[in-house]
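J.: Letter by letter, the chains look like this.
4 protein chains.
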Amino acid sequence: MTEVPRPAPAPGRGPLLEGERVLVRRKEGESYLLALQRGTTLIDGLGVIDLTAAIGAPEGAEVEIAGRPSRVYRPSLPDLVSQMRRRSQIITPKDAVTLVYLAGVVPGSTVLEAGSGSGGLTLFLAEFVGPQGHVVSYDRRPEHQKVARDNLQRSGLGDRVTFREKDVREGFEEQGVDAVLLDLPEPWEVLHAGRAALRPGGYLATYTPTYNQLERSVRALREEGFQEVRSLEMLERGLHVGEGGTRPEFDMLGHTGFLASGRKMA
Amino acid sequence: MTEVPRPAPAPGRGPLLEGERVLVRRKEGESYLLALQRGTTLIDGLGVIDLTAAIGAPEGAEVEIAGRPSRVYRPSLPDLVSQMRRRSQIITPKDAVTLVYLAGVVPGSTVLEAGSGSGGLTLFLAEFVGPQGHVVSYDRRPEHQKVARDNLQRSGLGDRVTFREKDVREGFEEQGVDAVLLDLPEPWEVLHAGRAALRPGGYLATYTPTYNQLERSVRALREEGFQEVRSLEMLERGLHVGEGGTRPEFDMLGHTGFLASGRKMA
Amino acid sequence: MTEVPRPAPAPGRGPLLEGERVLVRRKEGESYLLALQRGTTLIDGLGVIDLTAAIGAPEGAEVEIAGRPSRVYRPSLPDLVSQMRRRSQIITPKDAVTLVYLAGVVPGSTVLEAGSGSGGLTLFLAEFVGPQGHVVSYDRRPEHQKVARDNLQRSGLGDRVTFREKDVREGFEEQGVDAVLLDLPEPWEVLHAGRAALRPGGYLATYTPTYNQLERSVRALREEGFQEVRSLEMLERGLHVGEGGTRPEFDMLGHTGFLASGRKMA
Amino acid sequence: MTEVPRPAPAPGRGPLLEGERVLVRRKEGESYLLALQRGTTLIDGLGVIDLTAAIGAPEGAEVEIAGRPSRVYRPSLPDLVSQMRRRSQIITPKDAVTLVYLAGVVPGSTVLEAGSGSGGLTLFLAEFVGPQGHVVSYDRRPEHQKVARDNLQRSGLGDRVTFREKDVREGFEEQGVDAVLLDLPEPWEVLHAGRAALRPGGYLATYTPTYNQLERSVRALREEGFQEVRSLEMLERGLHVGEGGTRPEFDMLGHTGFLASGRKMA
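Respectively, the protein sequence lines represent chains X, A, B and Z.
Position one of the first sequence corresponds to residue 2 (our numbering), numbered consecutively onward.
Position one of the second sequence corresponds to residue 2 (our numbering), numbered consecutively onward.
Position one of the third sequence corresponds to residue 2 (our numbering), numbered consecutively onward.
Position one of the fourth sequence corresponds to residue 2 (our numbering), numbered consecutively onward.
These are computed hints drawn from the structure, not numbers from a lab.
Keep in mind that the hints are not guaranteed to be accurate.
To be verified - Taking CB as the label site, the calculated pair distances span: (1) Gln228(Z) with Gln90(B): 26 to 32 Å; (2) Ile44(B) with Gly57(Z): 42 to 48 Å; (3) Val230(X) with Arg14(A): 21 to 27 Å; (4) Gln228(A) with Ile44(X): 19 to 25 Å; (5) Glu65(Z) with Val230(X): 38 to 44 Å; (6) Ile44(X) with Phe251(B): 33 to 39 Å.
A virtual CB, placed ideally from N, CA and C, is assigned to each residue, including glycine.
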């Protein structure tokens with residue numbers, strides 16, 4: 002087997018390390034997001050557990066929890082999404098990854114976000130900016146931001162995010178950032194401030210549930226001088242492969258939100 | 002203004018550097034992906050240009066090209082996509098980012114891909130694995146791989162990708178990788194090899210145009226012992242905000258491909 | 002006011018007639034499909050009612066039922082659909098009207114249908130063939146056909162339909178008909194018989210839930226010599242106009258069935 | 002073979018009659034909508050033809066046109082749609098049949114329509130109201146109405162339609178009708194007049210391209226006291242069954258129009 006060429010040892014590879022966030026998957030199917038710690042801990046819904054045996058073991062290591070065989074993995078982004086605690090409806094993965102793309106967010110990016118909500122989009126941003134990027138997440142509602150902060154902390158990505166409890170209508174504190182993402186009821190009120198915070202070439206994107214909000218956002222993007230303005234929606238259709246054949250799923254989410262984006266050019 | 006906290010200076014920020022890939026945008030709208038070099042160069046379709054003035058300047062710096070004012074930016078992922086040269090139909094961004102998500106690809110990931118095609122998915126993978134990740138892209142057709150290789154080189158992400166001219170039905174050369182992505186006519190032939198190359202917890206995802214291929218892929222994923230098997234399609238609907246009001250775009254791509262994914266658990 | 006020119010007094014216009022099927026709508030919203038009869042009747046869920054006052058009255062006449070004001074209307078096709086009793090999932094209106102169109106069903110048409118199911122499609126066919134057309138509905142399962150027969154009788158369109166308790170794989174008893182509609186698990190087994198029953202220029206249409214069934218149906222239509230073969234699906238997306246603006250409904254039926262049609266040409 | 006029970010000989014069945022509208026289909030595929038007349042006629046694009054042999058013959062009768070074998074059929078509704086001459090974009094069949102359903106249009110209905118446009122919706126209404134129903138089609142633009150009138154005449158359904166060259170903002174001339182269909186830029190201006198023209202229990206439906214128009218229509222329907230207000234859109238997705246398997250068509254119409262309907266209750 003050939004070694005994959007790689008500039009440096011990738012983060013989050015190799016044996017599981019003490020203190021890392023891990024996903025513990027019991028044989029019956031439930032999964033838990035936990036810190037890999039030495040000794041016994043009391044976990045809600047699990048009882049007393051001991052993960053010591055997994056420290057230094059490879060991914061997929063077997064441990065016994067409450068008498069049942071379980072396995073320990075590094076959590077993937079889909080794992081982190083499924084383990085989020087929600088105060089309100091969180092953004093769907095399809096919309097989150099599309100916003101990441103439309104806003105040009107890549108490893109190393111510095112990104113502003115408002116509002117934090119339950120941290121659903123924050124999680125995607127924190128994951129994709131990577132260890133060398135950073136996210137600043139604004140919300141004026143302390144109770145929402147607490148949920149977001151807890152979710153990011155539990156996901157192990159908390160140190161990539163700075164939370165600011167502030168109304169962004171008073172302006173962003175940063176400038177020269179790569180992207181601004183707005184999941185707000187009235188994003189048009191913040192476009193001027195968002196543009197001021199962007200570097201030339203950077204993107205601003207909005208996420209809103211109604212056509213009225215989308216329309217007003219797009220018109221405001223144009224009025225503020227944004228270029229390459231786009232607007233779209235993503236529909237996800239599940240597919241069922243069963244004994245009797247293949248068909249689309251009967252259940253489908255008919256709507257989540259409309260996406261718009263624009264770019265600040267010099 | 003507050004400084005954004007950041008572990009280290011992010012790559013690709015600050016003044017434009019000699020040798021970097023840049024996007025030169027002329028006032029009339031056309032854009033060119035070029036290397037930022039000292040002195041004059043002859044560029045197809047542009048004539049003789051001189052980008053010397055942009056070296057050391059901030060993003061958005063003005064230069065004059067063939068007598069017309071132009072601006073120099075670092076290319077975003079959407080820029081790189083729009084600048085790709087296609088040998089065949091390339092994957093749409095909506096499908097590429099969804100595959101990135103389904104396969105758990107994040108900064109630092111090591112990813113295998115087959116086939117390279119024109120490098121459309123390769124570009125997304127190379128971007129999102131970041132400077133500490135790596136992509137190995139297999140294709141047995143030298144003429145396709147050449148296009149993919151050129152596209153990745155032009156995008157400035159070529160050093161994150163190893164190309165292998167090989168039929169993956171003979172197996173992958175790597176193991177312990179985070180994700181395997183298959184854009185092949187008969188992905189089921191490669192699922193066993195793909196599973197062998199994955200680390201525990203890693204994902205394999207397929208992208209195929211017909212239901213027949215999707216069905217066979219999903220059945221094979223189950224037979225090979227993959228878990229968390231999912232299949233879906235993404236539909237993108239553009240929205241038009243015009244003088245007369247807002248409506249979905251009349252033009253829509255009715256179909257691109259079906260996506261399936263599964264996870265290797267110990 | 003000008004009189005609308007009309008070849009003859011339209012059926013089902015003018016004062017409500019004794020014996021007609023009527024929709025009784027109580028002020029609170031529930032509706033009942035009843036025969037307009039003289040004297041008192043005991044109705045499940047309504048108690049003893051007396052509709053005598055509505056006989057000879059115009060549509061919308063007020064009657065009192067169990068002490069509450071109610072109105073009497075001629076039932077519309079949407080009313081009849083909502084009043085159907087279901088043994089199983091019935092066809093959606095969007096699919097039923099599309100099948101009517103694809104199969105060229107118009108007032109005066111003679112149409113064969115298999116199977117009857119709960120009579121969902123039968124109802125649409127009986128309505129649109131009008132008083133001069135006819136529907137023959139086959140089902141080999143007596144318990145299904147009883148439900149269909151009762152539904153058509155309750156709708157007041159029962160005399161436009163002949164039910165045959167028979168397996169259509171043994172052939173249709175009619176020939177020279179205008180259209181054949183198949184809502185069967187294996188429609189391809191019946192295409193030859195269906196073609197034999199059609200007049201030149203007539204259409205056969207199928208309705209099946211899986212891609213596998215659709216594919217096999219379309220291939221069989223071609224092999225049997227049908228022309229103008231088409232296949233498609235219809236998606237209905239509800240729209241919500243609320244205080245806060247307009248957006249697509251969150252709930253959506255992701256799939257019902259695939260439609261295919263072909264035409265017998267000489 | 003059993004005779005299909007039928008109250009009376011259906012119209013448009015039996016041998017082809019002199020004077021009837023027929024579809025002449027040449028072996029190469031083109032079709033022509035013509036009157037079945039004795040003797041020779043000069044037809045644009047066909048040359049001199051003689052259909053005498055088809056008079057009294059059954060459907061599918063063979064005639065020779067310009068030296069090529071051709072067949073004569075009664076035109077189906079899909080045939081009539083494909084033979085329409087368009088001044089502007091005409092309504093798609095999916096929207097036309099859905100409007101027919103939402104508005105409760107059935108054989109025998111009397112229906113008002115505004116505007117006539119090219120007669121696309123008029124054709125569906127004229128077909129489905131049958132020989133005992135009637136359509137009154139308003140348009141204030143003589144040049145549009147001429148196209149609609151010609152299309153209906155060519156289709157053989159012209160005697161089911163009364164055209165009125167009039168602005169419906171001045172009111173409808175009829176009352177007690179079963180349904181009112183509005184394909185106008187500002188349908189809300191006509192809802193009051195439309196409601197006045199309806200019988201109790203009758204439906205009004207609108208068809209508009211933008212969300213803004215839909216929203217205003219729905220709000221106006223509610224303000225005018227309409228009940229059972231619905232709004233939706235229909236998406237048609239073609240399916241391709243080819244050698245290599247089955248998949249949705251790549252081409253898709255992303256948008257046509259939004260539909261809304263309401264009912265006048267006493």
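J.: A separate judgement is required for each hint: does it hold in the structure or not?
T.: Now for the hints, and whether the structure bears them out:
no.	hint	verdict
1	Gln228(Z) with Gln90(B): 26 to 32 Å	holds, 27 Å
2	Ile44(B) with Gly57(Z): 42 to 48 Å	violated, 55 Å
3	Val230(X) with Arg14(A): 21 to 27 Å	holds, 25 Å
4	Gln228(A) with Ile44(X): 19 to 25 Å	holds, 23 Å
5	Glu65(Z) with Val230(X): 38 to 44 Å	violated, 60 Å
6	Ile44(X) with Phe251(B): 33 to 39 Å	holds, 34 Å
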